[in-house]
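Q: The listed protein sequences correspond, in order, to chains W and H. For what it's worth, the numbering used here labels the leading residue of the first sequence as 1, then goes sequentially. For what it's worth, the numbering used here labels the leading residue of the second sequence as 1, then goes sequentially.
Derived from the structure by calculation, the hints contain no laboratory data. From the three backbone atoms N, C-alpha and C, an ideal C-beta is built for every residue, glycine too. Not one of these hints is a red herring.
Across the chosen pairs, the derived CB separations fall in these ranges: (1) W:114 / H:51: 19 to 25 Å; (2) W:175 / H:59: 41 to 47 Å; (3) H:89 / W:143: 25 to 31 Å; (4) H:42 / W:138: 36 to 42 Å; (5) H:57 / W:175: 41 to 47 Å.
Here's the letter readout for the chains.
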Amino acid sequence: MKKIFALALITLLIGGIAFAGPTGPDEAGDILGQGKYPGQAHRVFRLVHVNPQCNDSDGLVAGTVVVWDDLLDDGVTVETTTTSGDSRVAGVLASTVVSNDTDGVDNNTASDDAGLTANWGWMQTYGLNDDVLADTVAIATGTAVCAGATAGRISEIIIGTATTNAGILGCALTTTTTSGAAQKIIITRD
Amino acid sequence: MNWFSLAFHKKASTINMKLLHIFILIILFSSMAFADELRVPISCYPTKLQAKFAEKGYKLDLSANDRDKNSCGFLESKGSSYSIFTYKQVTSKELEMIMRLTMER
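With the rest of the complex left out, here is chain W (with noise of 0.2 Å):
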């Protein structure tokens, strides 16, 4: 009985995603071929701008935790923090952001950057990443991530320490007590 139950069960739930039709407004797309509907991406990224204050002559590498920058204050531009549960977590980066500052002190805003590649990146903020590399904190599966001490790296929240209100980034997908070791996690920030 408990295998016809079960055979049962995931019989009707193929069968429901099998024939589900596109519905509702936004109309497009194909459950099975393309896997959501167009307004429901499973990631999504954001074209930023990265404060070159915090992006020196070496850059900033794919897997990067980054918060909005709350001096530049446009909306685009962000940069790392060493603020372990900063509540101005944006999402992780996507890809190398190169840099046109050799001094660490340039203040080019987004408006100054514009048309230039340098500076500019893409920052995941919703979906499944696996780039994000791991504080000093264990961080077990299942648990609400946030970023790190350690600019750039993410860290568990722990319920009833000072980060219990902290920005949540998303959530984790494995475990770790190794600081450094790549996480992989959903982050959630939208």
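Following the hints, put chain H in place on chain W, whose structure we already have.
A: Chain H only, in chain W's frame:
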């Protein structure tokens, strides 16, 4: 014993819930490999951007309704910004290429 009580019977529900979780995870992970949304905080001339994509060999539609088998995605202009919805997962090379096309003046 009816279906409802069977599903919530201690042993049966443990086994079935495990199966259910595995099944849902398979569906979720397989579907995550598909479409992406790229949000660009800069205005554009949609037809010019479409032409730039065409030069690189990518057919970018101006509406989801224009899709055919060669389409790679479609553009949705929002005035001062726009989004590109792709029909498959973008690669890091494609992200780089799209950024360069976007930033060209």
